[in-house]
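Chains as they are written, first to last, in the numbering used here: chain A, 1 to 353; chain B, 1 to 353; chain C, 1 to 353; chain D, 1 to 353.
Note that these hints are calculated values from the structure, not bench results. Each hint should be verified, as a subset may be incorrect.
Which copy? The list can't say, so a pair holds if one copy fits it or any two copies do.
Dumping the calculated SDA-like pairs for lysine to any residue here, alpha-carbon to alpha-carbon at most 20 Å [to be verified]:
1. Lys41 <-> Gly126
2. Lys194 <-> Asp281
3. Lys119 <-> Pro308
4. Lys41 <-> Trp117
5. Lys5 <-> Met50
6. Lys119 <-> His216
7. Lys194 <-> Pro90
8. Lys8 <-> Val264
9. Lys258 <-> Ser178
10. Lys194 <-> Lys258
Note that this is a predicted model, so its numbers are computed, not measured.
Protein chains: 4
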Amino acid sequence: MASNKIIKIGIVGGTGYTGSELLRLLAQHPQAELVTITSRKEAGLPLADMFPGLRGRVSIAFSEPDVDKLKRCDVVFFATPHGVAMEQAPALVEVGVKVIDLAADFRLRDPALFTQWYKMEHSALGLLEESVYGLPEVNRERIRGARVIGLPGCYPTSVQLGFAPLMQPDLIDMIDTSLLIADCASGVSGAGRKAEVHTLLPEASDNFKAYGVSGHRHQPEIKQGLEAMAGRPVGLVFTPHLVPMIRGIHSTLYARLKPAGLGVDFQAAYERHFAGEPFVDVMPFGSTPETRSVRGSNFLRIALHRPPGADVLIILVVEDNLVKGASGQAVQVMNIMFDLPETMGLLQLPVSP
Amino acid sequence: MASNKIIKIGIVGGTGYTGSELLRLLAQHPQAELVTITSRKEAGLPLADMFPGLRGRVSIAFSEPDVDKLKRCDVVFFATPHGVAMEQAPALVEVGVKVIDLAADFRLRDPALFTQWYKMEHSALGLLEESVYGLPEVNRERIRGARVIGLPGCYPTSVQLGFAPLMQPDLIDMIDTSLLIADCASGVSGAGRKAEVHTLLPEASDNFKAYGVSGHRHQPEIKQGLEAMAGRPVGLVFTPHLVPMIRGIHSTLYARLKPAGLGVDFQAAYERHFAGEPFVDVMPFGSTPETRSVRGSNFLRIALHRPPGADVLIILVVEDNLVKGASGQAVQVMNIMFDLPETMGLLQLPVSP
Amino acid sequence: MASNKIIKIGIVGGTGYTGSELLRLLAQHPQAELVTITSRKEAGLPLADMFPGLRGRVSIAFSEPDVDKLKRCDVVFFATPHGVAMEQAPALVEVGVKVIDLAADFRLRDPALFTQWYKMEHSALGLLEESVYGLPEVNRERIRGARVIGLPGCYPTSVQLGFAPLMQPDLIDMIDTSLLIADCASGVSGAGRKAEVHTLLPEASDNFKAYGVSGHRHQPEIKQGLEAMAGRPVGLVFTPHLVPMIRGIHSTLYARLKPAGLGVDFQAAYERHFAGEPFVDVMPFGSTPETRSVRGSNFLRIALHRPPGADVLIILVVEDNLVKGASGQAVQVMNIMFDLPETMGLLQLPVSP
Amino acid sequence: MASNKIIKIGIVGGTGYTGSELLRLLAQHPQAELVTITSRKEAGLPLADMFPGLRGRVSIAFSEPDVDKLKRCDVVFFATPHGVAMEQAPALVEVGVKVIDLAADFRLRDPALFTQWYKMEHSALGLLEESVYGLPEVNRERIRGARVIGLPGCYPTSVQLGFAPLMQPDLIDMIDTSLLIADCASGVSGAGRKAEVHTLLPEASDNFKAYGVSGHRHQPEIKQGLEAMAGRPVGLVFTPHLVPMIRGIHSTLYARLKPAGLGVDFQAAYERHFAGEPFVDVMPFGSTPETRSVRGSNFLRIALHRPPGADVLIILVVEDNLVKGASGQAVQVMNIMFDLPETMGLLQLPVSP
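Work the whole structure out from these sequences, hints included.
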């Protein structure tokens, strides 16, 4: 049975999009109490002044970082730039505070890989070692007992869940794992709430482009996840694109079938694999999921295609990059960690149109 | 105390935007049960096939119109073109079913005006006579006992609430009522879910234009509402514009001050007027409310300005045209009619960004 | 030397986007004179009433179809639905009028394939046989003497030019031609100026989706083109997506390299292949072309990538679907056919932002 | 007769939207030669690297500011922040170089007003005194002989031209000049190419808001212009709004009619007033001009309305804020100053859709 306890919550950071989305979700969570949210730069500013959508519902202000206050929380979310959580997490974990990092500090198991892609040394190797990758559909049981969670990136959530059934023992030999292709497209909020020219409306709207084609931080993260599931090396090409929309990620995944895979009923396999998952919707074969069908919600939808005349399986995946791709997943993970119903506070329906 | 009874709900129409938004809200309402939704054209189609955001939450299909089924409901919403509710409402009201019309059949008190603007005779004059205009902040007590509700249009909600405090006895003589100007802008969903060239994305996006400048159906509706509040004739110019966005209405209202009005504290008057209203937010003087600050929510925000060097009061109002401007207001009205807490099922926070 | 003669032009259709774009380009072409434009539905309507951007520059009106008038033209463009040109072209060609069809009647060489994809019998097999596929960078010499042109589709232009250098004898054995992947994204104007629900702004904006994944008419057209260049069968998966923008096509093309291809300097090969092409811009290796960099212009930009750790060549291609993907290409072809400088009237710079 | 001489051009600044638009227009101008463009920050960067739309057409790079180089130009455009032109213009004017400032240094005649709104002292009072306000439809003859031009702001161009006919002796007494209202809406490029949070796509798209309601720099500029035309004081309320589109300004202007004005044929008066103007299009009475009908072009369209039941004249005006509202107007002014045909290089048709 679910407990009735109120979870005391601290947020470090919180002036960006994952932070504001976390605030929106937690303000509607029946057993969450926001105790403190810190921002050195905005200390003193009422949250509702920065995010008017919270007016009348969230009355606290950003405060100066204060470790003692954070230590009195049950869980602390880091919605900060990369590198902050690994500095502050050890002191919190030590006193029994759970840590959920929405940045990348606890995503890559290999500290050398972290350094290569994020250009800094990892300063909490012990915690990294014990940390759990917060993808509930893959790691639910390990999340339950974790002290530190590295929450997946937005793209990695959609690509890993899209390929996950193929990584299982019964299907892995049906496909050519030497080259999986993830051709993905994200709304601009994925770039964060930083003042930059290339994401200004006059630059990014009525426009489409690829980016990071020659190397993106999410590539090693996805590869690591797929290989962990598959238990073997996997070749992965990941091509992200920028879409003139606010929210949403759409992944078009390509797996080449081996002769043995040509007759497999992948649809049934996907439905079996995700049966019972509250947030994963396997649509009828041949559907074309739209990002707006998950806008503002924690759902992720998947559809399979077999293009005519080719030995290829195409998997289409949509999610809201700020919800299932970030803050909604963070709350889902929190629910698991605190033995609450996994869907608590997360059943808002998508807002569409 | 609020009752615990489940409200049995029928929807006529429901393939448009006000219909789908009603479905979204009712599916999240703890005491509402959707019994039937009719669409001659789409009969048999599961709702979730048309609106994938409802997948897994709404399992019924559109059904053929069936009066007997509707008669077993507690309330029937008409999310139909103009002219349908007036045909079907009498039979429902007769057997005690409450009717809430989201179209225009019960908005204009004067049937001649209805005929002039909607190009059809009114066929239910008796019901029109007893019907109540469903604007809770103005008509709450009359709504409570009504059998038939004419729900305000999207623009009229924002303009009437924006001018409402000025129409009261203490302020009405402070302003020049011979010419009020409502310069309004709406997202494209306000034009409905009809296949038309001028609202195609390539026509309506990256574009801005006025429309209906020489006459729009909402002008007589707003004028009627303001005059009912003021108890005297009011001159009104209403200029709608089309904004390349999905949802949202922004009204910029101009009232010229008489000399007696120059020293009045309008901010205090507005705050007093709307004190206790759960969905009206009077922002600090000089604020500039954004439509996204109410996206997907039933809130309406108001801010006042006194432009320098002019004897003018400017009132800025934002609402989500599909929620407070239509389906959210419909649920709010239902809550009042059935003696439920007025905010029940309507406290979702705005989705922003 | 270029002649100074004025080309007398007829347009059949012209109320859609390729038609209006053709009007825009021809109105700025120094040696083009629009003699007649027909539309049964809009006969009598001044063009500038439908397309206000033409006010003051194009004074003629749509007229009833009139074959005699068309026969007095030098060239007739068909900006009609599929199936119209094949009916009317023979009578025009017979009297020496050149025909350029922007629809699909003369794209597919195989009439059975045409019937399969366009659900109609081909009624002008003789003309189909002699018609030339209007892709200047591939077919320039044959276009020069052609009487009937089948203009490529928007996607096929970008995909064929993107893969073209790889189809040449020196490179074809460097890649795995059994599976080429074209993952493409188009602005909504690609769906035409038809009133349809799925392309309304509230449906298509702030949204991203794939479509036609299980079969799209442009797949056989592209495959035909690639095979013609390669002189051998080619496997092609084509996945189109809809982007919430007005104009622009972005193609992300994947070719797997054979061991022999791993050391090849594809950048040099592409630059050599397109040297001298006035409208094809091979950007520096590793660039990420944006659709806005060609908005409103006839240019097409290409950039190559070698993603790390994979034996794959990625080719990125952008074009304006209404210009190089349709009407600009039509004018380019006309220039070639009438021995005018190929770039005449087509050197407008992209409009960005 | 127009001379054939090539105008040697320098640009100071040029990394913003008015700069890039100026580059686009000048690159297509048959008698303009860009000699130098300076940017301290971007010195050495080829223009086409920053603005890929210019690839293949503009080969020069940004260079360090170099007064000697500028002195060898015929005209220097300042596409800089406010305050730069007034520092550098005197040295250029002294040696006979014409100066056209796209910023605000030479807009306001009264240096005290300049200081009040732009928070800096004016450092070139003599030049300010002789400078001419570059609005050709009002000031054409004075522009011809000017040495220094203060180019109008984007909003002021549309509002002043919209009200201009009413400011003439024959009409000025027909309207209530104590309160003119200009309710305007601009695309986001009007905010410039600065990295700021509020103009990021996720903040500014799918959103609408007013701004600067309690005071905007363009209010005194417009008021100054109207009063200069009218020869008397004019009351003006100016309310700008931000539209989620890239380009375009739409102004909805309200003038209350005096009894004497009720029978006036304003349509005829407007058509007379603008007869012969190459860039001003007075549309049929009751039209609703769209911003996209001028996108990318130097045209400005005007339409008049008389809303029913009110003694009000509504004037709708659209322009492209970067063309007629800035860089196109700059080229138009240059053409006048150098005795070229006023439309030279400026007759590109609008790009729509």
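Hints and how they fare:
1. Within a single copy, Lys41 and Gly126 get their C-alpha atoms no closer than 30 Å, and across copies no closer than 44 Å, so neither meets the 20 Å cut-off.
2. Proximity of Lys194 to Asp281 under the C-alpha cut-off of 20 Å is found in neither arrangement, the shortest distances being 33 Å within a copy and 29 Å between copies.
3. For the homomeric pair Lys119 and Pro308, the shortest alpha-carbon distance between copies (18 Å) is at most 20 Å, but the shortest distance inside one copy (44 Å) is not.
4. With identical chains, the CA atoms of Lys41 and Trp117 are never at most 20 Å apart, being 27 Å at best within one copy and 29 Å at best between copies.
5. Proximity of Lys5 to Met50 under the C-alpha cut-off of 20 Å is found in neither arrangement, the shortest distances being 30 Å within a copy and 40 Å between copies.
6. For the identical chains of this complex, Lys119 and His216 are intra-copy neighbours only, at 13 Å inside a copy versus 44 Å across copies, given an alpha-carbon limit of 20 Å.
7. With identical chains, the CA atoms of Lys194 and Pro90 are never at most 20 Å apart, being 28 Å at best within one copy and 39 Å at best between copies.
8. For the homomeric pair Lys8 and Val264, neither the shortest alpha-carbon distance inside one copy (48 Å) nor that between copies (46 Å) is at most 20 Å.
9. Taking CA atoms no more than 20 Å apart as the test, Lys258 paired with Ser178 passes in both settings, with 11 Å inside one copy and 13 Å between copies.
10. In this assembly of identical chains, Lys194 and Lys258 lie within 20 Å of each other by CA distance neither inside one copy nor across copies; the values are 44 Å within and 42 Å between.
Violated hints, listed in ascending order, are 1, 2, 4, 5, 7, 8, 10; each of the other numbered hints is respected by the structure.
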